[in-house]
Amino acid sequence: MAVTLRILRYLLPYWRRVVLLYIALFASLGLQLTIPMVIARAIDDGIGERDSRFLIESALLIVGLTLLQGIFTFARSYLVQSAAERVAYDMRNELYAHLQRLTYAFYDQSQTGQLMSRATEDINNIRAMLVMAMRPLVLAVATLIAVTIILLRIDLLLAVVALSIMPFLIWYSVRFGVAIRPMFLKVQEQFGSMTSALQENVAGSRVVRAFAQEQAESDRFEAELEELFERNLRAARRWAFAYPLTLLLSGVGLAAVLWLGGYQVLTGAISVGTLVAFNRYLTLLNDPVRWLGLVVNRIARAIASGERIFGTLDTKPKIEDRPDAIELTKARGDVRFDDVSFAFAGTRRAALENVSFTAEPGQIVALVGPTGAGKSAIVN
1 MAVTLRILRY
11 LLPYWRRVVL
21 LYIALFASLG
31 LQLTIPMVIA
41 RAIDDGIGER
51 DSRFLIESAL
61 LIVGLTLLQG
71 IFTFARSYLV
81 QSAAERVAYD
91 MRNELYAHLQ
101 RLTYAFYDQS
111 QTGQLMSRAT
121 EDINNIRAML
131 VMAMRPLVLA
141 VATLIAVTII
151 LLRIDLLLAV
161 VALSIMPFLI
171 WYSVRFGVAI
181 RPMFLKVQEQ
191 FGSMTSALQE
201 NVAGSRVVRA
211 FAQEQAESDR
221 FEAELEELFE
231 RNLRAARRWA
241 FAYPLTLLLS
251 GVGLAAVLWL
261 GGYQVLTGAI
271 SVGTLVAFNR
281 YLTLLNDPVR
291 WLGLVVNRIA
301 RAIASGERIF
311 GTLDTKPKIE
321 DRPDAIELTK
331 ARGDVRFDDV
341 SFAFAGTRRA
351 ALENVSFTAE
361 PGQIVALVGP
371 TGAGKSAIVN
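Mapping to my numbering: the sequence shown position 254 is 254, numbers consecutive.
Don't take each hint at face value.
Per label pair, the in silico range of CB-to-CB distance [what the hints assert, rightly or not]:
1) L8 <-> A366: 52 to 58 Å
2) F229 <-> F357: 49 to 55 Å
3) L68 <-> L152: 23 to 29 Å
4) G346 <-> A216: 24 to 30 Å
Calculated from the structure, these hints are not laboratory results. Owing to the predicted nature of the structure, the values given are computational and were not obtained by experimental measurement. In this text, a Cβ means the ideal position worked out from N, Cα and C, and glycines have one as well.
All chains should be modelled from the sequences, with the hints used to inform the complete structure.
Below, the structure written as structure tokens:
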């Protein structure tokens with residue numbers, strides 16, 4: 001929950017867009033919920049009474065409602081995409097700026113590919129989650145509440161039969177999200193490992209060729225790809241099992257409503273138009289149930305990615321500028337080492353020991369020594 005709330009805070013600068021998004025969303029939903037009622041009246045009062053004029057008016061009304069719904073749907077889609085893209089833009093800038101402040105020790109212990117994965121794939125997962133959470137999640141909850149109320153008002157018995165499976169479907173979707181989250185975290189970690197292997201080979205291509213290690217490096221990269229494939233496949237297999245089960249349960253509920261509703265039509269308890277409208281509303285519940293599964297999927301991915309990103313953002317630089325630090329302008333100072341010693345983290349052997357020298361402005365200083373003497377450590 002803490003990770004999700006931290007992600008949502010990035011939306012605060014764009015609250016006006018979010019407000020407009022929900023105005024368009026609820027307007028679109030209201031129009032969508034009106035259409036089944038128009039269809040019911042067209043069947044009962046138009047076809048049942050053989051009133052062709054009423055049928056034409058109903059058809060034109062449906063066209064108008066659908067057109068308005070399309071306009072509001074376009075608005076909500078544009079607004080949610082633009083807000084999510086702005087959040088991704090801000091997160092990438094913040095992550096990059098933070099990486100610039102971290103010390104060399106951090107980079108010695110981090111893989112470049114993992115950091116690149118955080119700035120690309122992980123932030124893309126968060127952007128996709130925001131698109132799904134801001135629109136389909138809210139729309140799914142609002143649709144479930146509104147349609148449930150409408151169904152109960154149409155026919156209490158039919159509504160109880162139709163909605164009896166909903167608690168189980170919602171419980172299963174939430175439980176599924178909790179179970180699949182660790183799998184997505186492993187996928188993201190392996191994606192970073194694969195990216196690291198690719199980056200190292202591209203950056204060190206001359207060294208790989210010089211030592212004739214092309215086949216060995218290809219085998220190593222293929223092993224990384226194979227592991228990524230297996231982890232993705234395990235997550236996909238778990239996901240593929242969930243959707244048919246929800247579809248089957250929805251079909252059972254629809255069949256029960258058709259049988260009971262058909263019997264009520266035959267006995268005159270409800271009209272044909274009412275049964276058609278009821279089934280239409282019941283069909284509208286299929287999408288929210290399916291969206292819940294998709295949203296749980298996206299949120300699980302985003303939380304896994306958010307943990308990785310915020311883990312980097314929460315890393316404190318070991319060397320920080322003082323609040324009153326003077327900004328360095330153009331300078332031509334000297335470089336001075338005064339009895340400097342240095343050792344890499346996790347090693348006892350010093351890479352540099354009691355090194356002293358001065359490089360004056362414009363002076364060329366050559367560092368000479370065998371491999372491992374500390375020349376690169378001095379430059380870094």
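Now for the hints, and whether the structure bears them out:
1. L8 <-> A366: 52 to 58 Å: holds (55 Å)
2. F229 <-> F357: 49 to 55 Å: holds (52 Å)
3. L68 <-> L152: 23 to 29 Å: holds (27 Å)
4. G346 <-> A216: 24 to 30 Å: holds (26 Å)
Hint violations for this structure: none, all hints satisfied.
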